[in-house]
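Protein chains in written order, with the working numbering: chain A, 643 to 925; chain B, 19 to 377.
Any given hint might turn out to be false.
Claimed, not checked - A short, non-exhaustive set of chain B residues, derived as facing chain A with CB atoms under 8 Å:
no., residue
1, Thr155
2, Thr187
3, Ala365
Worth flagging that the hints you see were computed from the coordinates, not collected in a lab.
Ideal Cβ placement from N, Cα and C applies to all residues, glycine included.
Chain residues, written in single-letter form:
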Amino acid sequence: MHIVVCIKQVPDSAQIRIHPVTNTIMRQGVPAIINPFDLFSLEEALRLKDRVGARVTVLTMGPPMAETSLRKALSLGADDAVLLTDRKFAGSDTLATSYALTSAIRKLAEEDPVDIVFCGKQTVDGDTAQVGPGIATRLGFEQLTYITKIEDLDLASKEIVVQRRSEGGVQVLKTRLPCMITMLEGTNTIRFGRMDDLFRAARYELKTWSRDVTGAEEGRVGLKGSPTVVSKVFVPKPRAEKAKMIQAEADTPDAQAAAAIDAIFGAQPKLADDLLARAAAGL
Amino acid sequence: MSEPSKPQGRKFQLPDHLKVYQNVWVIVEQERGIVHSVSLELLGEARKLADKLGVEVGAVVLGADSPALDRICGDAIGFGADIVYKVTDPALADYRTDPYCRVMTDVVNTHKPEIVLLGATTLGRDLAGAIATTLATGLTADCTELDIYADNRSLAATRPTFGGTLLCTIQTLAYRPQMATVRPRVMAMPERDDARSGRVIEIRPDLREEDIVTKVLTFIADREQSEAQLAFADIIVSAGKGLGKVENMKLVFDLARVLGGEVGVTRPLVQAGWATNDRQVGQTGKTVRPKLYIAAGISGAIQHRVGMEKSDLILAINTDPNATIFDFAHLGLVGDALTILPALTDAFGRRLSVNRMAG
């Protein structure tokens, strides 16, 4: 069985800051990490490898520095790694990104047919959750998003049973390989790498593929291949009025609390009525 | 990746062959006969967009034919639709990507809407990505604001970016339809108008179950509805890193209990393991719009702000008088949440119990 795990290197978004004067993003010194949502999918792929045996290839599209994320994935137990990198890919939106990644998956499949593609549920920098479904649609794979558990996988019949989180409950789905899976966060915990994998990852010779190698058409990647354009980037406007600051009669918690409640009920008299009615009803 | 830039693309004029695409659609999400509230919110938003464009609002309702589905078609008209495309087939009873995507792309190709909106739910995100790829058109996820550029009638879809530190406005230029998803409770729920009338177009796609690979074996309904409770709570007391340590979480739970409300948290608290992620309010958590939002020890990062700024009344408690949260809270209290929270719990408890005795 051949599993491809698509990962993305992202800036640790918790650490991004905006320059107070120029309003631009300050990227310097922000560490790059594997998109945290991808790790749940990578771990699930590695568990399938442990369970039924599989070759796990990690694939990423990004600048050359994304190599570090691939090596990290190798050190956790992935077998092979492909870096899809080309200046022509710059500016790709989700449609163009799924096209480029699909071209690489097709090339991988020429050597070794792909049974499962794992993607992260979404990225922490783009937050779109669109690339996984895009890849599934292009490949004609069954699309299994927000998976909480892989219940069963039968390699002989190529049948897979999964639990999928949906609004108000969990769907238990049975389908056939090949499929594209995105795992829900918190469904597993990424393992620690083994020492021998760590050494192997350091020495591993990455496959670096450009657009020419995968045969992706130039007009379908990058800005040219992207239907969406960013027409404006801006800092959210502060509300016209700042908060009305509550002044308590004394500098004690009780006085502050009393003043806060007066201010709340003053601003929202109806809220006071609602609360009192509920309290009176004994709720 | 784009850096802050001047508005661009607004001068773009649509080629003639795409001008036949008209009307603003909402794909109405229903599962087991219950319509998701986000679809009704989107109908209200679609109404505004369609009125600006001078076109009609279409609602697409998919499922197995049933009285419940007819009721939903009526709801769609009451909440703003002029046309309902009622698409029925036994194979559409449960949501599955493949049949839903196939049917939707057919309906779009036949009726040619210029804008298609979906809720950013597990269903909406799963379906939107598949449809947009099949149609090879633009899709913007998790929008917080939708508008029309008057110059060229195109959709201006605004969403947070870079983990919610900035907002960006995205357009789909030479492609139709323009697609967007919007998270629940980001848009206001419109008033239902029973006097509204609309027409229902019935579509029977004639799917063959044997052509559909994925089967739904069972559906396990959630017993615990804590997520729904937070999302629809009238009162939310939220905690940020300012609470200092996990033991102090008790203070927000105490106040929430007295008020009959729910507890929310910021992302760092989830990351620190102080609360489960179903309580997270913000860009990567829930969007809420309660009547009262009490933010205790929350600095006001944009990541958090986008999830709660539509609350009717926001009271912020923070020791730092320059905290960002005071820029968008309605009421501010400079002080230590650790002492003010218990005082609020006592004071609210007294006021409410006094009234109970009086009543």
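Checklist entry - What are the numbers of the hints that this structure violates, sorted from low to high? => result Of the numbered hints given earlier, the structure breaks none, since each of them holds.
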